[in-house]
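Novice: Protein chains in written order, with this note's numbering: chain A, 168 to 312; chain B, 3 to 750.
It is possible that part of the hints are untrue.
[Unchecked claim] Per label pair, the in silico range of CB-to-CB distance:
no.: 1; chain 1: A; residue 1: 294; chain 2: B; residue 2: 242; range: 43 to 53 Å
no.: 2; chain 1: A; residue 1: 271; chain 2: B; residue 2: 271; range: 37 to 47 Å
no.: 3; chain 1: A; residue 1: 204; chain 2: B; residue 2: 115; range: 29 to 39 Å
no.: 4; chain 1: B; residue 1: 402; chain 2: A; residue 2: 207; range: 51 to 61 Å
no.: 5; chain 1: A; residue 1: 271; chain 2: B; residue 2: 242; range: 33 to 43 Å
no.: 6; chain 1: A; residue 1: 204; chain 2: B; residue 2: 271; range: 38 to 48 Å
no.: 7; chain 1: B; residue 1: 403; chain 2: A; residue 2: 292; range: 35 to 45 Å
no.: 8; chain 1: A; residue 1: 179; chain 2: B; residue 2: 66; range: 42 to 52 Å
no.: 9; chain 1: A; residue 1: 292; chain 2: B; residue 2: 400; range: 58 to 68 Å
no.: 10; chain 1: B; residue 1: 599; chain 2: A; residue 2: 271; range: 45 to 55 Å
no.: 11; chain 1: B; residue 1: 573; chain 2: A; residue 2: 207; range: 21 to 31 Å
no.: 12; chain 1: A; residue 1: 268; chain 2: B; residue 2: 402; range: 32 to 42 Å
no.: 13; chain 1: B; residue 1: 599; chain 2: A; residue 2: 188; range: 34 to 44 Å
no.: 14; chain 1: B; residue 1: 555; chain 2: A; residue 2: 204; range: 43 to 53 Å
[Stated by the list, open to error] Part of the chain A face toward chain B, derived, beta carbon under 7 Å:
no.: 15; residue: 186
no.: 16; residue: 209
no.: 17; residue: 212
no.: 18; residue: 259
no.: 19; residue: 268
no.: 20; residue: 269
no.: 21; residue: 273
no.: 22; residue: 276
no.: 23; residue: 277
no.: 24; residue: 278
no.: 25; residue: 302
no.: 26; residue: 303
no.: 27; residue: 307
no.: 28; residue: 308
no.: 29; residue: 312
Hints listed in this document are in silico derivations from the structure and should not be mistaken for laboratory results.
Even glycine gets a Cβ: it sits at the ideal position worked out from N, Cα and C.
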Amino acid sequence: MAAASTPSVGAGDLALLLPVGSDTYAISLENVREVVVDPVVTQLPTAPPVVRGIFNLRGDIVPLLDTGLLLGLRAVIEEPYAVLVDTAHGVAGLVATDMPMTVRLSESVGHSDMEGTTETYLVDDERLAVALDVGILLSPARISQ
Amino acid sequence: MSPSESLSEGDFQRLFAAEAEGRLDTLVDELLELEKGGADPERVASLFREAHTIKGGAAVVGMTHVARVAHALEDLLEEVRRDRRGIDATLIDAVLAGVDAIRTLIPLAVAGEDHEAAAFEAEQRLRLALVGPSPGDAPPAPSTAASAAGTPAPSTPRASAARETAPAPPEQPAAPLPATPPQVDLEPAAAHDGETVPHERPAGDGHVAADGTGGHAEPARASATEMLQIPVHRIDDLVRLIGEASAATLRLGSALLERLERDPSGLTEYRDLVRSLNELQELALHARMIPVMSLAPRLRRAVRDLAHEAGKEVRFETRGEDAEIDRGVLERLADPLLHLVRNAVDHGIETPDERRLRGKPVEGTIRLHAMQLGSEMIIAVSDDGRGIDVGRVRETAGRTDSSALEMDDEAALYLIFRSGLTTATRVTGVSGRGVGLDAVRASLNAVRGRIEVRSDPGLGTEFRIAVPITMATLRCLVINSAGQAYAIPLHSVRAVLPPQPSASVGGRPMTMVDGRPVPISSLAWVLGTGNGSEGPAVVVAGLTRSHAFKVDDLVDQRDVVVKGLGELVPRLPAVAGAGVQPDGSILLVLEAAGLIERARRMDTGDRSLEAAEGTGREVPVARRAPSILVVDDALTVRELQRSIFENAGYRVKVATNGEEALSEISDERPDLVLTDVQMPRMDGFQLTEAIRNQPALASLPVIILTSRGSDEDRRRGLECGADGYIVKSGFDQSALLSAVERLLGAEQ
């Protein structure tokens, strides 16, 4: 169900690049609703660390998730950008540590083994971006883990 | 522009769909009463009218297939109305099938889908049922199961006469559904709500009717000139816009203060505006409220069908007809409640033979009770069946989780809510239907509700659901803790205490509230956002416990439009939701029961809290809270009293009749017994006598709380040895508490 509403990004598609620490991830532009700069986050006590908090998006309450922890990596230190993603379970914000940029992806340069990701792409002829599988990454079960 | 020009055909169809839903519910309800009570001409006429109205409405909105089925339904009922056809299982089943077909056809028609075949099939079934026994030959209430089993139809007088004189059913041991149910163990209210006067609804809730003080009103069906059907989304829009207007007013107040340095609360016009908006909001929210019992027809039907299928005899009773709840919340409760009543029939109620062997009435009872408690609705589904086999639950869960084997009975009982512990393996081996109890709990979580279960082997099971009456706004106390503001629903706030040292009992920090010890913790520590607080303490009450939380300071009281945190955020028992404030900030709303449970766990896990906070000055606490045994068979009364006493700091145990009370007393002697009079098995007078006959209990205070206000009853109560006699009609909370205080003081 999640996959149907959250298409994976592929070669030739427009993608948004999410810088997270020293890594870069790509997400289909079709999944992205908007990018919020410097969201005012309210911490959610007793929530798992992957939930950095919630913020107000024009009257709606949106959870902000730690992209690093979601991928099983280190937690991010700050949250200067929130990339709002549409999922089958509602809208969620993913933290980006630098300004997200839009690119058109070229051919995949290899498969990514990391859970919640699909392919790896070369962008700007100099850095690699790993495409995120939003359907897997942003599932309630994974977030509860 | 005429009203009709402003609505599209789709709007009319949706309007008809909403209207038909209610009429079909009524139709089924009345039909099932007819099945049990016999051919009441008024009821038959009412059924005919419903079918006729549905037919007319369907034709007007262009649902021709629906109209065809309704027409066939009308024709069949017309035969009964004109005394040309009797009521038998074929007729009942055909009408139910017709209703089901209409329910299926309406959404299809709204969606513009073809449904010719389904309509034809239902119509044919109704036409075939036109041929049946003549009224004189027909039994009043044969069931599908009875005919299927080949049971000969009992020959009885005309059903209407049977209802008037209420004779005992003829001897038909093999018939699963007797025409007149046994009445011996029922209190008056149960009889009103169940079979004897099924057409009428109590004017008040169950315990009022039980007292004999509640009258009966005609069904709440106002005339067309008094009622107006409005699409739900219009009400929702209204509620939303009023909410936005309220928020804008608050922003206006802030702007007046900041830019013009005028305190808005000093302006009469501003105060009037705020007051009017508050009233408007209250009215609009009330417009979304519908009776909890509007779900009853669907549940009654499910009980009926499943009972027939399983060859069981089940009576479905309701209480709390006046209890109203937000439509959105109730919609979310429909599936969980359906699941619970189906479970009760499937796994709870025994077969007639089994019940006979156990000395129980052959007919089992499933009760749906609703009552409002503060801003929550408590809905209980109980049965008098075999109860849950906790040992088997533990064993089943233990196959995949060895820790389950170590659990005590209470903890093990809650394993039934675990995902993966299927209905089929849980208790009886009967195949499960639909969602599991884990999904029931998940559905309730989505509306900030919770579920509790209690089960007595051989006696029955009760599931108790607590949900907020409205999801829209909550009056909250706003406090600061560790630099963040939180809202605590005001209905959960029992008291606010000034900063004070706490005591320690068994290493657990306590404070005194109204002379009773209540556990106390720092809110920041419990939430994991900080350590100690030296400010005031807010005493919060859950369903069964109270707890004091130290905060930094109190801010104010305000109405918070509470929103959920979404599906992606895991369920956080201590957080009910969040509200967006006029300045755009987010206010977290805490959940009393979850917060108390978290505090309790943390308290028992870490006794060094007080030392860490530096507030551990030892103050001896004199004794533990006195306990009260509340004995009443009416859930509403029982839970109301439980709530009153627990909020006053007492420990409370409950029993549903005198026998159960004696058993509770032998397990643990309470400090006081508060009992009703009218109860099955052993009444309050007998209980009091039994207590007084035991020398060890001679000094145990007993208060009788009853609707029986006559001098003779009062004298009898006191002759039995009761220490106090309180009449419910003159009942008020403070009088009850002071009577209890007085007696407890005298004893100790």
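Novice: Confirm or reject each hint.
Specialist: Results of checking the hints against the structure:
A hinted range of 43 to 53 Å holds for the C-beta pair residue 294(A) and residue 242(B), which are about 46 Å apart. As the Cβ distance of residue 271(A) to residue 271(B) is approximately 58 Å, the hint placing it in 37 to 47 Å is violated. The beta-carbon spacing between residue 204(A) and residue 115(B), approximately 47 Å, falls outside the hinted interval of 29 to 39 Å. Checked against the hint of 51 to 61 Å, the pair residue 402(B) and residue 207(A) fails, with Cβ atoms roughly 44 Å apart.
Between residue 271(A) and residue 242(B) the Cβ separation comes to about 40 Å, which falls inside the hinted range of 33 to 43 Å. The supplied range of 38 to 48 Å is met by residue 204(A) and residue 271(B), whose beta-carbon atoms lie about 39 Å from each other. In this structure the supplied range 35 to 45 Å is violated for residue 403(B) paired with residue 292(A), their Cβ-Cβ distance being about 53 Å. One distance hint, 42 to 52 Å for the beta-carbon pair residue 179(A) and residue 66(B), holds here, with the actual separation near 51 Å.
At about 59 Å, the beta-carbon gap between residue 292(A) and residue 400(B) stays in the expected band of 58 to 68 Å. At about 52 Å, the CB distance of residue 599(B) to residue 271(A) agrees with the hint of 45 to 55 Å. Range check, residue 573(B) to residue 207(A): Cβ separation about 24 Å, and the 21 to 31 Å hint holds. Checked against the hint of 32 to 42 Å, the C-beta distance between residue 268(A) and residue 402(B) comes to roughly 48 Å, which is inconsistent with it.
For the hinted restraint 34 to 44 Å between residue 599(B) and residue 188(A), the CB-CB distance of approximately 37 Å keeps it satisfied. Against the hinted window of 43 to 53 Å, the Cβ-Cβ separation of residue 555(B) and residue 204(A) comes to about 33 Å, which falls outside the hint. A distance limit of 7 Å between C-beta atoms decides the matter here; for residue 186(A) the minimum to chain B is near 22 Å, and the interface restraint is violated. At a threshold of 7 Å, the smallest CB-CB gap from residue 209(A) to chain B is about 4 Å, leaving the interface hint in force.
A least Cβ separation of about 4 Å between residue 212(A) and chain B falls short of the 7 Å threshold, and the interface hint therefore holds. With 7 Å as the threshold, the beta carbon of residue 259(A) comes within range of chain B, its nearest partner Cβ sitting at about 5 Å, so the hint holds. At a threshold of 7 Å, the smallest CB-CB gap from residue 268(A) to chain B is about 25 Å, leaving the interface hint violated. Because the smallest distance between the Cβ of residue 269(A) and any Cβ of chain B comes to about 25 Å, over 7 Å, the interface hint for this residue is violated.
Look at residue 273(A): its Cβ only gets to about 32 Å from chain B, farther than 7 Å, so that hint breaks. About 31 Å separates the beta-carbon of residue 276(A) from the nearest beta-carbon of chain B, more than 7 Å, and the hint is not met. Here the hint on residue 277(A) is broken, as its CB sits about 30 Å from the closest CB of chain B, past 7 Å. At about 27 Å, the closest approach between the beta carbon of residue 278(A) and any beta carbon in chain B exceeds 7 Å, and the interface hint on this residue is violated.
The interface hint given for residue 302(A) is broken, as the beta carbon of that residue sits about 12 Å from the closest beta carbon of chain B, more than 7 Å. At a threshold of 7 Å, the smallest CB-CB gap from residue 303(A) to chain B is about 13 Å, leaving the interface hint violated. For residue 307(A), the interface hint holds, the least distance from its beta-carbon to any beta-carbon of chain B being 6 Å, beneath 7 Å. Among the interface hints, the one on residue 308(A) is violated; its C-beta lies about 9 Å from the nearest C-beta in chain B, farther than the 7 Å criterion.
With a least beta-carbon distance of about 9 Å to chain B, the hint placing residue 312(A) at the interface is violated under the 7 Å criterion.
Hint compliance for this structure: hints 2, 3, 4, 7, 12, 14, 15, 19, 20, 21, 22, 23, 24, 25, 26, 28 and 29 are not met, and every other hint is.
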